[in-house]
Amino acid sequence: MSLGITWTTDWIRRTAQVVSEHRVELVTLDREIGDGDHGENLDRGYTAVLAKLDDLPTDAVPGDALKLVATTLISTVGGASGPLVGTAYLKAAAAVGKEPELDGAALVALLTAARDGIVLRGKAEPGDKTMIDAWTPAVDASAAAQADGKSEAEILDAAATAAEQGAKATEPLVARKGRASYLGERAIGHRDPGAQSSSLILRAAADAAADVVGKDA
Amino acid sequence: MSLGITWTTDWIRRTAQVVSEHRVELVTLDREIGDGDHGENLDRGYTAVLAKLDDLPTDAVPGDALKLVATTLISTVGGASGPLVGTAYLKAAAAVGKEPELDGAALVALLTAARDGIVLRGKAEPGDKTMIDAWTPAVDASAAAQADGKSEAEILDAAATAAEQGAKATEPLVARKGRASYLGERAIGHRDPGAQSSSLILRAAADAAADVVGKDA
Amino acid sequence: MKKLINDPKNVVDEAVVGFEAAHGDIVTVSHDPIYIVRKDAPVSGKVGIVSGGGSGHEPLHGGFVGFGMLDAAVPGPVFTSPTPDPILAATKAVDGGAGVLHIVKNYTGDVLNFETAADLAAAEDIEVRSVIIDDDVAVKDSLYTAGRRGVAGTVLVEKIAGAAAERGDDLDAVVAVAEKVNAQVRTMGVALTPCVVPHAGEPSFVLADDEIEIGIGIHGEPGRERIKLEPADAIVDRLLAPILEDLPFASGDDVLLLVNGMGGTPQVELYIVFRRAAEVLAEKGITVTRTLVGNFVTSLEMQGVSISVLKLDDELTELWDAPVQTAALRWGR
Amino acid sequence: MKKLINDPKNVVDEAVVGFEAAHGDIVTVSHDPIYIVRKDAPVSGKVGIVSGGGSGHEPLHGGFVGFGMLDAAVPGPVFTSPTPDPILAATKAVDGGAGVLHIVKNYTGDVLNFETAADLAAAEDIEVRSVIIDDDVAVKDSLYTAGRRGVAGTVLVEKIAGAAAERGDDLDAVVAVAEKVNAQVRTMGVALTPCVVPHAGEPSFVLADDEIEIGIGIHGEPGRERIKLEPADAIVDRLLAPILEDLPFASGDDVLLLVNGMGGTPQVELYIVFRRAAEVLAEKGITVTRTLVGNFVTSLEMQGVSISVLKLDDELTELWDAPVQTAALRWGR
Ligand SMILES: Nc1ncnc2c1ncn2[C@@H]1O[C@H](COP(=O)(O)OP(=O)(O)O)[C@@H](O)[C@H]1O
Ligand SMILES: Nc1ncnc2c1ncn2[C@@H]1O[C@H](COP(=O)(O)OP(=O)(O)O)[C@@H](O)[C@H]1O
Ligand SMILES: [Mg+2]
Ligand SMILES: [Mg+2]
Ligand SMILES: [Mg+2]
Ligand SMILES: [Mg+2]
Chain S
70 MSLGITWTTD WIRRTAQVVS EHRVELVTLD REIGDGDHGE NLDRGYTAVL AKLDDLPTDA
130 VPGDALKLVA TTLISTVGGA SGPLVGTAYL KAAAAVGKEP ELDGAALVAL LTAARDGIVL
190 RGKAEPGDKT MIDAWTPAVD ASAAAQADGK SEAEILDAAA TAAEQGAKAT EPLVARKGRA
250 SYLGERAIGH RDPGAQSSSL ILRAAADAAA DVVGKDA
Chain Z
70 MSLGITWTTD WIRRTAQVVS EHRVELVTLD REIGDGDHGE NLDRGYTAVL AKLDDLPTDA
130 VPGDALKLVA TTLISTVGGA SGPLVGTAYL KAAAAVGKEP ELDGAALVAL LTAARDGIVL
190 RGKAEPGDKT MIDAWTPAVD ASAAAQADGK SEAEILDAAA TAAEQGAKAT EPLVARKGRA
250 SYLGERAIGH RDPGAQSSSL ILRAAADAAA DVVGKDA
Chain G
-16 MKKLINDPKN VVDEAVVGFE AAHGDIVTVS HDPIYIVRKD APVSGKVGIV SGGGSGHEPL
44 HGGFVGFGML DAAVPGPVFT SPTPDPILAA TKAVDGGAGV LHIVKNYTGD VLNFETAADL
104 AAAEDIEVRS VIIDDDVAVK DSLYTAGRRG VAGTVLVEKI AGAAAERGDD LDAVVAVAEK
164 VNAQVRTMGV ALTPCVVPHA GEPSFVLADD EIEIGIGIHG EPGRERIKLE PADAIVDRLL
224 APILEDLPFA SGDDVLLLVN GMGGTPQVEL YIVFRRAAEV LAEKGITVTR TLVGNFVTSL
284 EMQGVSISVL KLDDELTELW DAPVQTAALR WGR
Chain U
-16 MKKLINDPKN VVDEAVVGFE AAHGDIVTVS HDPIYIVRKD APVSGKVGIV SGGGSGHEPL
44 HGGFVGFGML DAAVPGPVFT SPTPDPILAA TKAVDGGAGV LHIVKNYTGD VLNFETAADL
104 AAAEDIEVRS VIIDDDVAVK DSLYTAGRRG VAGTVLVEKI AGAAAERGDD LDAVVAVAEK
164 VNAQVRTMGV ALTPCVVPHA GEPSFVLADD EIEIGIGIHG EPGRERIKLE PADAIVDRLL
224 APILEDLPFA SGDDVLLLVN GMGGTPQVEL YIVFRRAAEV LAEKGITVTR TLVGNFVTSL
284 EMQGVSISVL KLDDELTELW DAPVQTAALR WGR
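Residue numbers (my numbering), protein chains in the order written: chain S, 70 to 286; chain Z, 70 to 286; chain G, -16 to 316; chain U, -16 to 316.
Isolated chain S, as found in the complex (with noise of 0.2 Å):
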């Protein structure tokens, strides 16, 4: 059962409504360690994705989505995080190319690729109290549940499951990227801001997978 446009779009506004419920959240964690922007930084960039969403061909495939995601974000959000997520979104339209159906395979090249995409801009290794710490593990979870032969929403809650987890595992980090870095370790029993909302940012497109499983044609 793979995932289409309907499921893409889907993800996206949710991750619109997560992010837009979770901005106050995510501007405490990035106040304790970092300049206290992360939620707006988000919600700005999604609520001006939201206002485009409309706009899309309605032969639109996922990776016509993803990529005006990723030129929305990238015009809109600005900071760190701007370019990082934005070019997550853009590799990873790349990697699904026109591809009007994604199935297990397509959905961990995407997440691998969204990835390597933000290594690629911000050159954080795991560890290092980024974003990247939830999105490796949940490259590695995906990648390990398709092996496994898991349906599509189950890829996509194994990532979102391992992320959630890698998001939590940055709190007693010392941070070696972003602007938690000049706290040295005094950064140690914060959860970064970036890592937490990408792992919401995956449980929106795990949720939105148990959703329209069987509404995409």
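Treat the hints loosely; a few may be bogus.
To be verified - Per label pair, the in silico range of CB-to-CB distance:
#, chain 1, residue 1, chain 2, residue 2, range
1, G, Glu298, U, Pro306, 22 to 32 Å
2, S, Asp124, U, Ala156, 43 to 53 Å
3, S, Thr116, G, Glu298, 45 to 55 Å
4, U, Asp102, S, Thr116, 19 to 29 Å
5, G, Ala265, S, Thr116, 31 to 41 Å
6, Z, Thr127, G, Glu194, 55 to 65 Å
To be verified - In silico SDA-like cross-links for lysine to any residue, where the CA-CA straight-line distance does not exceed 20 Å:
#, chain 1, residue 1, chain 2, residue 2
7, G, Lys163, G, Pro231
8, U, Lys211, S, Arg255
9, G, Lys123, G, Ile210
10, G, Lys(-8), Z, Ala120
11, S, Lys136, S, Arg82
12, G, Lys(-8), Z, Gly73
13, U, Lys294, U, Ala159
14, G, Lys(-15), G, Gly184
15, U, Lys(-15), G, Asn(-11)
16, G, Lys(-8), Z, Arg92
17, G, Lys211, U, Lys(-15)
18, U, Lys163, U, Val179
19, U, Lys211, G, Asn(-11)
20, S, Lys136, U, Asp102
21, Z, Lys136, Z, Gly73
22, G, Lys22, U, Arg273
23, G, Lys211, U, Asn(-11)
24, G, Lys163, G, Pro214
25, G, Lys(-8), G, Ile9
26, S, Lys192, U, Asp102
27, G, Lys211, Z, Arg255
28, U, Lys211, U, Ala224
These aren't lab readings, by the way, just hints derived from the structure by calculation.
Quick caveat, the model's predicted, so the values are computed rather than measured.
We put the beta carbon where it would ideally sit given N, CA and C, even for glycine.
Take the given structure of chain S and dock chains Z, G and U with the ligands to it, following the hints.
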């Protein structure tokens, strides 16, 4: 039993002492309806006076000591109270002239001249919620006590008591001079800092008289 | 109280040492008594201009000493008028033989101490004239108050009178131009937070988290009324109304618009205020031809702003545009 | 949160409208996308200089647009880097055919967004070079951090590179001088109070009544260590030590000393800090030949200060002295 230079310098020293002790109280009163410096201003002035008091020649008369206070306050206090209180001492010094011993009539003349000096500079009327509201009842009470044939110490005690009542009586007033006048109705309920410090100055005069009676030659 | 100071008693002494170290190309500082004079004082044949008052309003007045503005500034203790001695010393130091103008903000303490200094200067044959600045429309000018306060309009008087003196006007003419500026400028301020006088160590007043003080004075004196916080545009409208009522500003007038920060207000906020003020004036057909935005007449760390409107004519505009070279205001050289 | 704003979402939009109204003689403002350019942009044959970053640091960068300094400033949302679009638009607007320099403070967001804009500009055949400013010694420059931050030294780079471009230096030369200033300037800051980002509505961090943050960043990022409040002189000594250690400042050197207010600090305190900093440098045989004191690179209403020391040589001194005409820095015209 008239009062001479010992009383005068004791009065000045006690004033310096009591102003320093009430510095914070006067600052607080002035914070409420002024700019929060009255206690600091007077303390700076009387501290400078103390430093100069020992330079008085041994044959100094009360008028010399009062003149020293006047010029020192004028050149160290600043603000509204510096010229006003300074002028009070200046006019008081002129009133007692070269007289080595002050009897009841001389004390009334001293207090009257002091009050008139403040009015000359500041143009305040009774009821304007200024230091005049301590000085004027003090002058009146001293004159009445002298007319009743009271002793010098009693005259000054009457003046101090009237000044204390006068200071308290400024509380319900709206101010028409000085910074508190900007507040309109909002000055109601607050005691005028200058009236309060004036009552301290006059109480110090009475205390010095009670203490040194008999010591002056 | 958190401040970058050493002993509260030494705040002014140490600040003027720093001021001299930073601006020794423009000013010379006398330390006992304390006053700041332009480096080339006295300028022979030029009217000297002295201003001063309590400290805590920086850059007023020391930041305005230099070519085309003040010849000397006399800083008193924080929020306390200086005594006559340093005022007299500064007056003598800038006397170039053409007389000296004292620019005095209308506070009892300043008026009395400058008055005494002027008397003493006269006794030494220096011709001194005083102009009292009272631009604050928050205070009713009546028999029942000490009169309007001198606030941010002071910087406009100092600049324009300074330019008149610099071009060679005589004492009468410099006094006349200073009086004209004072007559044509009106100011009103608002505070969002109080300030803390170093020796007091406590806030000058207390405002709840959602309260502001309309008509605040520059020493933390309470103002006209305490109201709930409103959007910036509504606050600007409240400040401008009494300014525009008070002076017959008319459609077709040219004005200088000064948005003055009280010391602790971020610059973005000053420009948000400026935007609305310019908008309101434009609606009334009043043209803003000159502008000034920044911290010029402050109250320590107070958050808040004042708006001043000065009615211009060709003479005032030309004097405003004339070169000035001080620590805080500089153009044309 | 008490601020003179309307809607937190409109802070930057409204502030630039006010900025344009106040400084229309010097700048032109584009509102969509938002950027500020000098009135005569593009200046044909001159290297264009663009800087930008999150808002809330005013006068940086908009206040430094004008003759002899920046050609354009691109303000992002408060404390958030602008996106590539307005950076690209500003780059095109100031391209006079001699190439464009991007002056970028070293924050991941600024670096990434300017990088993308530079790529896009290159695609439109505009030669863009970037200089990354990282003068903040509070942060260890190691593999384990995002590198030093760009802080108050930025204003010195902008002034000096601006003067080089204005005198006609080519892009290589302007880049070289900007890199030289960055290499020779070191900064360290302290915060006494936090700032409040309008959309966050809460202080960026919490300091007890007797605590200060040494090594604060300009976005309220925590610094090196949190200590008890000390006298100003002791704090200055703490700030200067790592600056002087880091660069081999030597006896006999000439330096520019910048004491920069974080936005909410009264000017008297800046001069008290300046006094001590000048004293310490003098003790080390370092001569302060140029000075700057005021709010130049701020963090909204934060109370605090940073000290920057720039090692000067004849070229840098001459470029520093060259005329500049911007809203916030002006001399020589
Ligand atoms: N070099 C990097 N690589 C990956 N992620 C990064 C990097 N730098 C920062 N981040 C992420 O960006 C998040 C902060 O984003 P945001 O607050 O929107 O931007 P800014 O730091 O510019 O204010 C951090 O929590 C971190 O997850
Ligand atoms: N015109 C006046 N006549 C008499 N007393 C005055 C006048 N103006 C002010 N005062 C007195 O001065 C006091 C304030 O003194 P102080 O705080 O030292 O000076 P400032 O008001 O300059 O800060 C007031 O409480 C009041 O008693
Ligand atoms: Mg952030
Ligand atoms: Mg007072
Ligand atoms: Mg006072
Ligand atoms: Mg940010």
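Verification of the hints:
no.: 1; hint: Glu298(G) to Pro306(U): 22 to 32 Å; verdict: holds (28 Å)
no.: 2; hint: Asp124(S) to Ala156(U): 43 to 53 Å; verdict: holds (47 Å)
no.: 3; hint: Thr116(S) to Glu298(G): 45 to 55 Å; verdict: holds (53 Å)
no.: 4; hint: Asp102(U) to Thr116(S): 19 to 29 Å; verdict: holds (26 Å)
no.: 5; hint: Ala265(G) to Thr116(S): 31 to 41 Å; verdict: holds (33 Å)
no.: 6; hint: Thr127(Z) to Glu194(G): 55 to 65 Å; verdict: holds (59 Å)
no.: 7; hint: Lys163(G) to Pro231(G); verdict: holds (14 Å)
no.: 8; hint: Lys211(U) to Arg255(S); verdict: holds (17 Å)
no.: 9; hint: Lys123(G) to Ile210(G); verdict: holds (19 Å)
no.: 10; hint: Lys(-8)(G) to Ala120(Z); verdict: holds (17 Å)
no.: 11; hint: Lys136(S) to Arg82(S); verdict: holds (15 Å)
no.: 12; hint: Lys(-8)(G) to Gly73(Z); verdict: violated (35 Å)
no.: 13; hint: Lys294(U) to Ala159(U); verdict: holds (15 Å)
no.: 14; hint: Lys(-15)(G) to Gly184(G); verdict: holds (9 Å)
no.: 15; hint: Lys(-15)(U) to Asn(-11)(G); verdict: violated (29 Å)
no.: 16; hint: Lys(-8)(G) to Arg92(Z); verdict: holds (14 Å)
no.: 17; hint: Lys211(G) to Lys(-15)(U); verdict: holds (10 Å)
no.: 18; hint: Lys163(U) to Val179(U); verdict: violated (34 Å)
no.: 19; hint: Lys211(U) to Asn(-11)(G); verdict: holds (14 Å)
no.: 20; hint: Lys136(S) to Asp102(U); verdict: holds (19 Å)
no.: 21; hint: Lys136(Z) to Gly73(Z); verdict: holds (15 Å)
no.: 22; hint: Lys22(G) to Arg273(U); verdict: holds (17 Å)
no.: 23; hint: Lys211(G) to Asn(-11)(U); verdict: holds (14 Å)
no.: 24; hint: Lys163(G) to Pro214(G); verdict: violated (34 Å)
no.: 25; hint: Lys(-8)(G) to Ile9(G); verdict: violated (27 Å)
no.: 26; hint: Lys192(S) to Asp102(U); verdict: holds (18 Å)
no.: 27; hint: Lys211(G) to Arg255(Z); verdict: holds (17 Å)
no.: 28; hint: Lys211(U) to Ala224(U); verdict: holds (18 Å)
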